[in-house]
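Undergrad: Quick mapping for you: the protein sequence lines, in order, are chains Y and S. The numbering of the first sequence is my numbering, which starts it at 1 and goes up by one. The numbering of the second sequence is my numbering, which starts it at 1 and goes up by one.
Treat the hints with care, as some may be off.
As the list claims (entries may be wrong) - Derived list of chain S stretches under chain Y, where covered just means 3 residues or more per stretch with a C-beta under 8 angstroms from a C-beta of chain Y: (1) 5-11; (2) 389-398; (3) 401-408; (4) 431-443.
Claimed, not checked - Not close to chain Y: a few residues of chain S, all C-beta gaps over 10 angstroms, as computed: (5) Trp31; (6) Trp42; (7) Ser68; (8) Asp373.
Stated by the list, open to error - Some chain Y residues judged to face chain S by a derived CB distance under 10 angstroms, without partners named: (9) Gly2; (10) Phe9; (11) Leu12; (12) Gly54; (13) Phe56; (14) Glu61; (15) Tyr63; (16) Val64; (17) Ala65; (18) Gly70; (19) Arg71; (20) Glu89; (21) Asp91; (22) Ala151; (23) Tyr152; (24) Asp153.
Keep in mind that the hints were calculated from the coordinates and are not lab data. For each residue, glycine too, the CB sits at the ideal point set by N, CA and C.
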Amino acid sequence: MGKRTELVFCTLVGALLLGTLLFGVILPDRQSSEMENRVLQQFPVLSLKTIASGDFMSEFECYVADQFPGRDLFVSLKAQSEQWQGKKENDGVFFAKDGYLIEKLPTVEWRAVNNSLAALEDLASLHEFSVFALIAPTAAETLRDELPAYAYDDSQAQLLDTIEKTLTDVTCTDVRATLTQNRDHQLYYRTDHHWTTYAAYLAYCQLGETLGYTPIPAEDFTVDPVTTQFYGTTWSKAPIANQQADTIEVWHHPLQEHITIAFSDQATMSGLYDDSYLSTKDKYSVFLSGTQPSLTITNPDAPDRTLVVLRDSYANCLIPFLTAHYRTVAVLDLRYYNRDVLSFLRQSGAQQVLFCYNAATFATDRNVAKAGLID
Amino acid sequence: MVFSSLTFLTVFLPVTLGVYFLLPRLLRNAWLFFMSLVFYAWGEPVYLFLMLGSTVFNYVIGLLLGKSVTARKRTLLLVVGVVGNLGLLGWFKYASFLMQNLNHLFGFSVSVPTVVLPIGISFYTFQIMSYIIDVYRGKVSSQRNLITFGAYVALFPQLIAGPIVRYSTVEYELSERRETCSEAAQGLARFCCGLGKKVLLANSAGALWDIFKATPTAELSIAGAWLGIFAFAFQIYFDFSGYSDMAIGLGKILGFHFLENFDHPYESKSVSEFWRRWHISLGTWFKEYLYFPLGGSRGGKLRTVFNLLVVWSLTGLWHGANWNFVWWGFYYGVLLVVEKLGFSKLLVRLGPVVGHLYTLFAVLIGWAIFALDQPGTLLPYLGVLFGSGTAINSQFCYQALRYAPQLAVMAIGCTTAPAALFDRLTKKRGWAVTVASMLCLAVCMIYLVDSTYNPFLYFRF
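Excised from the complex, chain Y in its bound form:
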């Protein structure tokens, strides 16, 4: 290299590294990252103890990385670079066809699954309530044709088949065929691991046969696209540029006009939708106000029946459809509910209990087993 090039080179590298250091020092520290949905590392405590244990150093390294100037941009660039290299997936999310970002399946934890199924069967065998289960397939199973070549993993199909076979006292609803037949509609979000409101509607229709109600025809609903700029969980893992955003639909019906919700922390809400979430990144939480340990939905315009739903977030866009048929719907999230589930069920006066999960959560969930703690 010529003398001048050498000097320029050294200066540029020096400027890049020193500049990054200075930017990092000057720019104020961020408390949390909306994109990563977590709190970011702050400057660690500096003491002889933390140095001797090495905690200061490891936290400092996290601090440098978490507070790196332009962090979100770089994470996005890396995901984009992986896609350009034809790498087919990034951080556990497939770059699927038609602009879909599909979450890879977790490894099924069979011990947890068997415990969950046993708990459900135990509950049903009491014959105090009718127990129902809906374990919904995720995009990696239903949209298997959109996945990159050879990426399909049949472990979820096997899981769902096992659930069907194992549950005897529990009435199991398998929506796989219904969803597959309606693949011409958008059943899952492109940027999020949840299913769309339309897919939930199809499941709601199929549930009518077992729960005992006549599903309301689709034409009777007013479909309201509450946002067209939804970038969900799978996009957080693979934040490529030029990703088509998702639209979240809310289906309104006259029977839902007088609904109120009471949350576990004594707060109340009128209606089923929490619009405050629409201005945040986590727009899916517009349904039933997202993650809640427990809530009770009261619909004075519905027949006098009570339903208890033990669920994960997939159920949040399904439950609104059910509220037209039950005066009281009590909803529990077993991750956060640690009291005795059986007494809750007895106190609620419910005749029907519905377990509604998606298969990916169910494959590793250890909380459903709480429902089976019967003395």
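For chain Y, the structure is supplied; the task is to place chain S on it using the hints.
TA: Same frame as chain Y, but now just chain S:
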């Protein structure tokens, strides 16, 4: 601390180099020593004192050796030095392994407290021993300045993962080096290249190997098993040679000229050639300080075979306190013996293609022995490699398609072609090297931001 981390790149390096070049020449070794200690203590806060103690101990031995004249005194000092150093290494790295085997063999049930292995102990112990032995042999004069000696021992570019720099290589440069802009530029380019090898290639190859390593043998296809071993071969090469590149590059910036540690080993046409091109500083060390003292090849065929097998088993053991490493070393010892006894002449006659294929095959099988260190995993995996399983499955197809472009880049990266291109460009189109290095550095930083934690494969050293 590791080179491939944001803290090193954006905090440690600018501060260390910035102050280094602002300081008057007299203070530079002291600063280097100090910052190297910070670098070491960063990963190993308490063992810093171990390293300092070892430095002082060897400094004293070196001085005494320099002053003593009687052969008996010198030999005594040498023995004390070597035993002291090896003893420390033995305790921290091998005590537990040794005890487990003695327990197994004799039915004892002595338990050895689990000691955390200090980082770099294998490297700096060998490095220090090269100093002691060379002073004993009269090859170098003892270093009187403790700071300068400390800088040699702790020098952060090669403290953690080599190359093992013999004192004679840098004796002059420790006190008389001159840093130049030209060397700094070359060093930076080399550093960026090494960083790219580590962050962009090695980590990727490692992720691919991890997939196959974690798959139960029953679900592995033959093609998949081979793809896995290729991935590991790429990982360890780019990891280790990348780290050596970074060490050599950093050394150059500071005015040091370390010897090359890797010379495109996968291009070798025989196993003997492979070991002249892979981890050269280790092979050299064992040859100089163990093989030759044992007699080398001067004691007749039988003695030579014995020497080779002992040296290579110990070379294997150096890599880790586990039997699979010993077998790995022994495996190569056997191949080297066979080649020495006439096979290499046959290879030359059979032509370069046969030589390449034979070497690649031998090396890949060697890597399987090296990588599968959990008991009970090696033999099943070897079984699949040699045909027990389906030929191809969807796991293989998906991963092969997924990594195909990168694997092609890695394969090219193992040849001398990129280095030759780099040399040509450096002479004729320096700006291209500048742009490529900057781009590489930027992309690496992007990838490092994405993955906060990025351990080096050889980190147990």
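Undergrad: Each hint needs a verdict: does it hold in this structure or not?
TA: Results of checking the hints against the structure:
1. 5-11: holds (count 6)
2. 389-398: holds (count 4)
3. 401-408: holds (count 6)
4. 431-443: With 8 residues close enough to chain Y, the hint holds.
5. Trp31: The claim stands: tryptophan 31 of chain S keeps its Cβ more than 10 angstroms from every Cβ of chain Y (closest is about 17 angstroms).
6. Trp42: Since the minimum Cβ distance to chain Y is about 5 angstroms, tryptophan 42 of chain S lies within 10 angstroms and the statement is violated.
7. Ser68: holds, 39 angstroms
8. Asp373: holds, 23 angstroms
9. Gly2: holds, 6 angstroms
10. Phe9: Result: holds, 4 angstroms to nearest chain S Cβ.
11. Leu12: Check passed: Cβ of leucine 12 of chain Y comes within 6 angstroms of chain S, closer than 10 angstroms.
12. Gly54: holds, 5 angstroms
13. Phe56: Status holds, d = 9 angstroms.
14. Glu61: holds, 5 angstroms
15. Tyr63: holds, 9 angstroms
16. Val64: holds, 5 angstroms
17. Ala65: The hint holds - alanine 65 of chain Y has a Cβ within 10 angstroms of chain S, the shortest such distance being about 4 angstroms.
18. Gly70: With a closest approach of 8 angstroms, the glycine 70 of chain Y hint holds.
19. Arg71: holds, 6 angstroms
20. Glu89: holds, 7 angstroms
21. Asp91: holds, 8 angstroms
22. Ala151: This interface hint holds because 5 angstroms falls under the 10 angstroms limit.
23. Tyr152: Where the cut-off is 10 angstroms and the nearest Cβ of chain S is about 7 angstroms from tyrosine 152 of chain Y, the hint holds.
24. Asp153: holds, 9 angstroms
Hint 6 from the earlier list is the only one contradicted by this structure; the remaining hints agree with it.
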